[in-house]
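Number of protein chains: 2
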Amino acid sequence: MSDTPRLAPGKVRRLRRLADADGRFAMLAIDQRGSLFSMIAARTGRAEADVADAEMTAIKRVITEAVAPLATAVLTDPLFGYPHTAPVIPADCGVLVAGEVTGYEAAGDDERLSTLIDGWSVAETARQGADAAKLLLWHHPDASAATHAHQRAVAEEVGAACAEHEVPFVLEIVTYPMGAVRKGTAEWARVKPSLVADAAATFSDPRYGVDLLKLEFPADLKYVEDYADQPYASGEVAYGLAEVRAACEAVDAASGVPWVILSAGVDPAEFVENVRLVGEAGASGFLCGRAVWKRVVDGFPSEAAMREIAREISVPAFEQIRAANAGARPWTAHPYVAGVPSALAL
Amino acid sequence: MSDTPRLAPGKVRRLRRLADADGRFAMLAIDQRGSLFSMIAARTGRAEADVADAEMTAIKRVITEAVAPLATAVLTDPLFGYPHTAPVIPADCGVLVAGEVTGYEAAGDDERLSTLIDGWSVAETARQGADAAKLLLWHHPDASAATHAHQRAVAEEVGAACAEHEVPFVLEIVTYPMGAVRKGTAEWARVKPSLVADAAATFSDPRYGVDLLKLEFPADLKYVEDYADQPYASGEVAYGLAEVRAACEAVDAASGVPWVILSAGVDPAEFVENVRLVGEAGASGFLCGRAVWKRVVDGFPSEAAMREIAREISVPAFEQIRAANAGARPWTAHPYVAGVPSALAL
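Protein chains in written order, with my numbering: chain A, 1356 to 1701; chain B, 1356 to 1701.
Treat the hints as calculated values from the structure; they're not laboratory data.
Where a beta carbon is used, it is the ideal one built from N, C-alpha and C, also for glycine.
Mixed in with the good hints, there may be bad ones.
Stated by the list, open to error - Label pairs and their computed distance ranges (CB to CB): (1) B:D1497 to A:A1688: 58 to 66 Å; (2) A:P1438 to B:R1398: 31 to 39 Å; (3) B:T1399 to A:A1688: 36 to 44 Å; (4) A:A1504 to B:E1658: 51 to 59 Å; (5) B:A1660 to A:A1659: 55 to 63 Å.
Given the sequences, and given the hints that come with them, work out the whole structure.
In structure tokens form, the structure reads like this:
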């Protein structure tokens, strides 16, 4: 990869397909595997191993068919998703295909390694007419050198293949707790801002060839003083809204390329706030998963019931989230994009 | 190429991007090179060799910017077109890139050979995010065995590359007069139906892997008794409307894959009739070039004047042509598409 990154014509064309005409991303994530297996198992009282592939594809199809028409793009997976849901993705809705194995490979005491799906490739993603390759990378700044080296090598591998095929590289970075810190605590909420900013800074290095970062919301509104009266408030306070805004701005400053946020399974009302806040700080939109569709699993296994929930709950939720995205910065206005020679200008 | 053609997922996804949501193609052709050089030379009184590349790109940019927003896809060329016009092609407008050298290489007394642009490839077309590769192939059933062999080899080469990259192969076949027959005569009008049907039948052979044929209107309305009062009537009569309809139906019967027609520089009013008639016979739309934009050259070299003509003449002309396309058969309803295993159905 060159030291002077350049938006190749194919990357520009495909990035434009992922966004709306103004350059804002309003994307649906339905590439979940592990978490969806868990949700179906929990719903049915079965073991995860007893969830059938056809049940996975059926849910993904219902959600995709209902929500994709409202989205600028859909993130899907190559196993239970794209081969089965392609016909219900509108032609003018972009497609991203996930490349990572679901979950993680454990390393050391509490470190996480990402690996690529056997048989998945950027070349195949491009061949099938998708518009972007997405990789989920686990990240913690305090991980061992060996873990960092592994994670960086995976990112470099996908980045190089994306450059070769002029396919946008969408890198999702998910941070995780190490040591005594536990998820879902005020302590975790307090370390989140620095972890997410470190993730953005680390993988903005041109060596990875990332075109769009998919990041966590760099705080947790459940622990914000100004949101203490919201239904999702935890009852504990980690910081105030001013610090949350500062965290969003720090991520924007750290991110050398356009970025969007993921929903991490929060409820739609909370995600609406997430989207609004990061948009004000310079994010270019969202890639929303469980926040918009987790309730659909309540209708499982009835396809009719799932369709009904998708129509009555997921569709209006996605519309609300998209409305909150109006203040996002078009990706074409990001300093990185505006600052490199590209096919954007005549 | 397999004997049992199959619409690969990437081909299906890209074909859908070329058509409207119902599966009808309403496409703009602005890949002309030789004919546009001639038009600019004629307009300015210069030699074709004195027409600058930048003048070619300027015209193509004006036309693309004005008409592409109305089209389901744009056919462009890799020399003066796509690299310069990509930014003004909407993200939801498909892109086809032409692969043939403009004009033809002469063979024998009056035979025509097609050749590929040096450096052009289906792989590069795919890499740059285009949705289809287009090849113009000259055809006459009475050509020599050597000419046929050459033409078929070119088609097979492009077809194989398209199959490899899952890029739709759009094959344009243009017939030409041999012997004493001259273009623009009643005699040429009379032989046209059989030539176009032969072209369609010949290149529907699965060995070429063609996904969409771009064919000439298989008759000439300037020589039709029922159109004798039209401004474009020649004053001579070659046949009646019933024979024209029969010619369109014969082409549809001969075409083993979905097909669209080209405009061959006729005036918009005549092309509207062409589109309506082939649509009734089973065509899936049109790929319209000079018919919609030739008047723009009248404004050359003033970009302001060209923009004005494009807005005042090309845009309403394209809208009229597109309205005439309402009766076309969606490509997804073509027996070939309906009859093969594909990613179309869930």
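Going back to the hint list, which numbers does this structure go against? 2
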